[in-house]
Each structure stands twice: as C-alpha cells, then as structure tokens.
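**Q** Given chain A, work out where chain B should sit, using these hints.
Number of protein chains: 2
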Amino acid sequence: MKKLINKVEDVVNDSLAGMGAAHANLLRVDLESQIVVRKNAPVQSKVGILSGGGSGHEPMHGGYVGIGMLDAACPGAIFTSPVPDQMLAATRAVNGQAGVLHIIKNYTGDVLNFEMAAELAELDGIKIESVVTNDDVAVQDSLYTAGRRGVGVTVLLEKIVGGLAETGAPLEQVAALARKVNSHGRSMGMALTACTVPAAGEPTFDLSEDEMEIGIGIHGEPGRRRLKLASAAQITEMLATPIIEDLELKAGEQVLAFVNGMGGTPLIELYIIYDSLNRILTGKNIRIVRNLIGNYITSLEMAGCSITLLRLDDEITRYWDAPVYTPALRWGM
Amino acid sequence: MKKLINKVEDVVNDSLAGMGAAHANLLRVDLESQIVVRKNAPVQSKVGILSGGGSGHEPMHGGYVGIGMLDAACPGAIFTSPVPDQMLAATRAVNGQAGVLHIIKNYTGDVLNFEMAAELAELDGIKIESVVTNDDVAVQDSLYTAGRRGVGVTVLLEKIVGGLAETGAPLEQVAALARKVNSHGRSMGMALTACTVPAAGEPTFDLSEDEMEIGIGIHGEPGRRRLKLASAAQITEMLATPIIEDLELKAGEQVLAFVNGMGGTPLIELYIIYDSLNRILTGKNIRIVRNLIGNYITSLEMAGCSITLLRLDDEITRYWDAPVYTPALRWGM
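Residue numbers (our numbering), protein chains in the order written: chain A, 1 to 333; chain B, 1 to 333.
Treat the hints with caution; some may be incorrect.
Copies of one chain are not kept apart here, so a pair can be met inside one copy or by any two copies together.
[Stated by the list, open to error] List time: in silico DSS-like cross-link candidates among lysine-lysine, alpha-carbon distance up to 30 angstroms:
no.: 1; residue 1: 7; residue 2: 284
no.: 2; residue 1: 228; residue 2: 7
no.: 3; residue 1: 228; residue 2: 2
no.: 4; residue 1: 284; residue 2: 39
no.: 5; residue 1: 127; residue 2: 180
no.: 6; residue 1: 180; residue 2: 284
For the record, the hints were derived by calculation from the structure and aren't laboratory data.
Note that the coordinates shown come from a computational prediction; the quantities given were computed from them, not determined experimentally.
Chain A with its partners taken away, still in its complex shape:
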C-alpha cells in the first residue's frame, strides 16, 4: 500500500487538521467531535445545512463547508458512516433557530445514524428535515444499500440547496428544493482500478489488466457488469444511456452535466469523457447549459469516473449560479 500518510489510524484526523489549518477563514475543525463547521456558525435565522458520510470521498463533504453550501460536515472513518453523536454535535453547531436540513446519501448506516441524530436533535427542540439522495441508476440494491445509492447528485444538491438557504428561506422550502434536485438527477459510475482502504491495506476488489467495472459504487461495491476495457466513447455511452432513459430526458431540455473523477483519473481523461458526453447529448438535442468537471466525489485513489445529469429549471439554475465560497467550490466571491 503506497500512500502519503502517517499512522493508518490517524489518516482522517491528520487530513482534517490540515483542512482546518488551510481554510481557517471559512471553517473550523473540531477534532474532538469530528466535525467541520462553518466559521461563523450558527448563522441566526438561516437554515443550517448539514451533510456527512464516510471519509475517502474528498472533497465531499468537508470541502463543501463555507458560504452558500454546507454549514457543517461530519466525516466518518474511511468508507464508514459517521456516528449519531457527531451528527448531533454538528446539528447543534449550525442551529440558528431556523431548523437544520440533513442531507444523507442512501447507505444503510448513514440513514439509520442520521435518523437517530434527528430524533435526538428534536428532543433538543431543533426542527429537522431530512433528504436522502438516491441517484445512482446502476443497481437497485447494493452491498450497503436498500434502494439506489446516493452519489454525484449529492454534490450538486448541496450547492443548490445551500444557495437557497443563504437567502433566509424557511426549512420547508429548502427541503422541498432538495427533494426536487434529487428527483431531477441521475448518475452512474465506472472503475478502471480498485482503491485501498488504509486500515485494510489491500485493494477493495480485483480487476485484471484488461477489465473495467461498469456501475461501480463509491466504495468499490460491485456494479452492473465487468467488461473488457472499452474506448472512452463507448464507456460514456454505457454510463449516459441509462441516465438519459431513467430521467426520460427529451429533446429541447436543458441539463447540468457533471463528469466526476474517482480520485486517480487525470483531468485530461475527464475532458475526453466530457467530449463524448457532449456529442451524445447534442445528438439528442439535449442542451448542456452548465457543467462541472473534476474530482468532487471520489473513492480514494480509484481510477474511473462517473457521470451525473441534472435536469435544470429556472429555480435550480438560479441557486446553482448563486455565489459560493468553500475549499472545493468557489464562484461569485
């Protein structure tokens, strides 16, 4: 196992310490509670936006804490759900008396722990709404999930909903937009290589030199099928077609296209995938009017990519375009 780490058991803590030192203008890291919190939280009368999940998917979620996106993130151990205590501490830290939205990727552990944290927070008198993302069209159930997995849409949703929350909108409206964004987006991923969880020291699965896995999850969970390596154009077709069909995208519609790297794939390759995706959508007269290309929801050093398409309407586009300032996404400020 070749990694830039110190002790295996310190990976998450050391990385959080670096993040706290690097972005002290935006956020603070509480290593004891294992939470990342917007510097000036709680913002009075603003809905607090909280997400969390296993580490190993950086910059998600800690890299999205700041202005106009998340108010807090609770990172678990690598590929492991955070615990309810973390979620409760983060919820309290961002409660500005307007309620807190929990954004949860659909994995069994995350869902259960966030449910428990919400119950505890409500005992404190904090109003909670929860939204579960489940945008992965690859498989219906998986190793860690009942129902579809939550993947790339989560990043887009956190940005869009964070933009609305910044305007002082009430919790119900923020939660409704979150549910709409989730329903408007679908994703699918693939891997060329596995990744190695530091505590395990071995790759999460084996893939031979001429194989790829289509429909992979962000923890290396098996996907739809294992195939011989194909061209970027063919791979893009395999990922985009199920998304377009599931979303029932029609000619004339506008989308945000998100080409995400899994962590070990260089940008030069992601732009090749984007080129293919643009050709496929243009051929169907579906217009890409916004895009995001890079490593935003990763699986450690896995090589591969995912595609997310998000059907746009005026409201979603407005809050996607709204100013944001976080370690990983920044514009308008």
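**A** This is chain B only, laid out in the frame that chain A set:
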C-alpha cells in the same frame, strides 16, 4: 495501460475538444493551430499572457486560460514541447498591441521553441518578453533540462502576472513581476508511482512496492534519490527543508504554500501533507498566509505530490488575490 481514452493519437485533441465545449464562455479551442485562446482575445491595450508546454500536466496550462490569468496556451503532445508555429499562432491571437509575455518552463525543447517563436513574432512587429521558470530545487540539471526545471511556481506566476496584466500594466512591468515571482519561489516533488504516456503504453520508470522517488520531475525524470517509503511527515520534511534553505526563509516571513497533487493522489492525502508542512513552517515562525491545495501541475496519473513555497510581498499578494476566472482557478467573480 488502463485509461479513459479513444485512440492513443487522439488523446490531446479529444481532451481539447471537451475543454472547448465545456468552457465556451471563457475560451475557444483552435484544434487546427492546437491553441487554447481567451474568448475575447486579443484584448486591446492589454499585455497578452501566453504559456505552453507538453500535455499531461492538466489543468496546466489550458485550464488557466480566461480572465485574469493566461490569454492563451499552446499544448504540445504529451510530455513534448509545443512547436514554434503553435506559439506564433497563439502570440498573434493575443496581441492587443501592448506586447506579449511568454511564460516558459525551463525544459530545453520549450526554451528553444519559444525563442524561435519570439523571433518570428518580432518580425511581425509584436513586442515579446520571455520569462523562464526554474524553481525546482531537486536537481541542478536533468534529463530534459540545463539548469533547474520549471515546475509549481509556474502556476502561481501565471495567476499573479495575469492579475497585473488585467490592470493594463505595460509589458516591462508585467515581465519584471514575472521574474520576481520566479525568484521568490521554489519547489520540490516526489512520486509513489510512475505514470504511463499513452503513446508508449508502458510506465515511464519502475518503482517497487516499497519505494518512492524524491525530487522527481513532472515527466518522471529521475530525482535526487530513491528511498524506502516513509511517512507523510518525513516526506514533507524531505521536500520542505531544501526549499526553505534555498529560499533562505527567515522567521517572521510570510509565504504562499502550494501542495500539489501529481494526478493520482487523492485530496485526503494532500491535506495530510499540508498539515505536516504547516507544522514545519509554524515551528520556524514562517507564516502561511495564502495556500493552494490540489491537482494543478500534474504528471498524468502519477501518485505523489510537490510542495512550492512562494515568499510573499504586498505586490505579489495583491495580484494573487485579484479576481480570476478560468476553468481551474476562480475567485472574485
């Protein structure tokens, strides 16, 4: 070789096509001339800022074309200098009658070809200044270089000088700031793995499972020494110490700290390196007042990192902070 590509010979073109489609609001890609040009170039009475070099280092340089950074980039084949014709076409495209600055990383091919392009441009009556970056403290000469290699400082320099050029400053002033930034910055890198140039199909070098290369170049050129894998803290020490000594950084000074990923290293590890770097500098009472952490000057899918420290003064800080809007760096707009 596992890559998300179509034909090996189309890698650069396909990626540039994707980049042109994705960022049409900022730039245009001329596939015939193999150049990436700011959308509204030439900007009249503004110094044109041009850089270029082999592909495989994305987002450098094409990802830095836009507002407040580069006016154009000329990407060569992977790890291969662009040719003088590309550089000349890009120079003409960004000539707004205030002259053009060529930013050249110190590799023999790049330097010779940019010299020839500058001569040709001057025959056209275009005033040219050239600055060569040579910030890599690892080795004095290398496989592709007489003198030190140009690496991480190039990214910072392009941002800072681009900020000044946007104010309408004259060519001599822009070139002088470029030379100052180069003299204020030093870098050193390391690799955990090699990378594979698509046309070669084989890794650029061999490194066994328990080895790393300290002082590596961005094309996989040999570094200072090959060692057994060490901890992130030890690696950071090995990279930072020669930089601090070479820059003669003193207690009380302020720096920009840039922790760069080589392409295949996940962000969670880069923050661990940043944490160590912050401890080392804090221990010497050298203050990090700006930072940049991520994949900005890469070697395809190589795993590893580099550290760059840039001594700050008011002028450099002002233009680092100035608004920028490119595919890869964006703030203030």
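**Q** Are the hints correct? Go through all of them and say.
**A** Quick rundown of the hints versus the structure:
1. Proximity of residue 7 and residue 284 under a CA criterion of 30 angstroms is satisfied inter-copy only: 24 angstroms between copies versus 51 angstroms inside one chain copy.
2. Within a single copy, residue 228 and residue 7 get their C-alpha atoms only as close as 37 angstroms, which misses the 30 angstroms cut-off; across copies the closest is 16 angstroms, which meets it.
3. For the homomeric pair residue 228 and residue 2, the shortest alpha-carbon distances inside one copy (27 angstroms) and between copies (11 angstroms) are both at most 30 angstroms.
4. In this assembly of identical chains, the alpha carbons of residue 284 and residue 39 lie at most 30 angstroms apart only when taken from different copies (27 angstroms versus 45 angstroms within one copy).
5. For the identical chains of this complex, residue 127 and residue 180 are intra-copy neighbours only, at 20 angstroms inside a copy versus 55 angstroms across copies, given an alpha-carbon limit of 30 angstroms.
6. Taking the shortest Cα distances, residue 180 and residue 284 sit within 30 angstroms of each other inside one copy (24 angstroms), while across copies they are farther apart (51 angstroms).
Against the hints set out earlier in the document, no violation occurs for any number.
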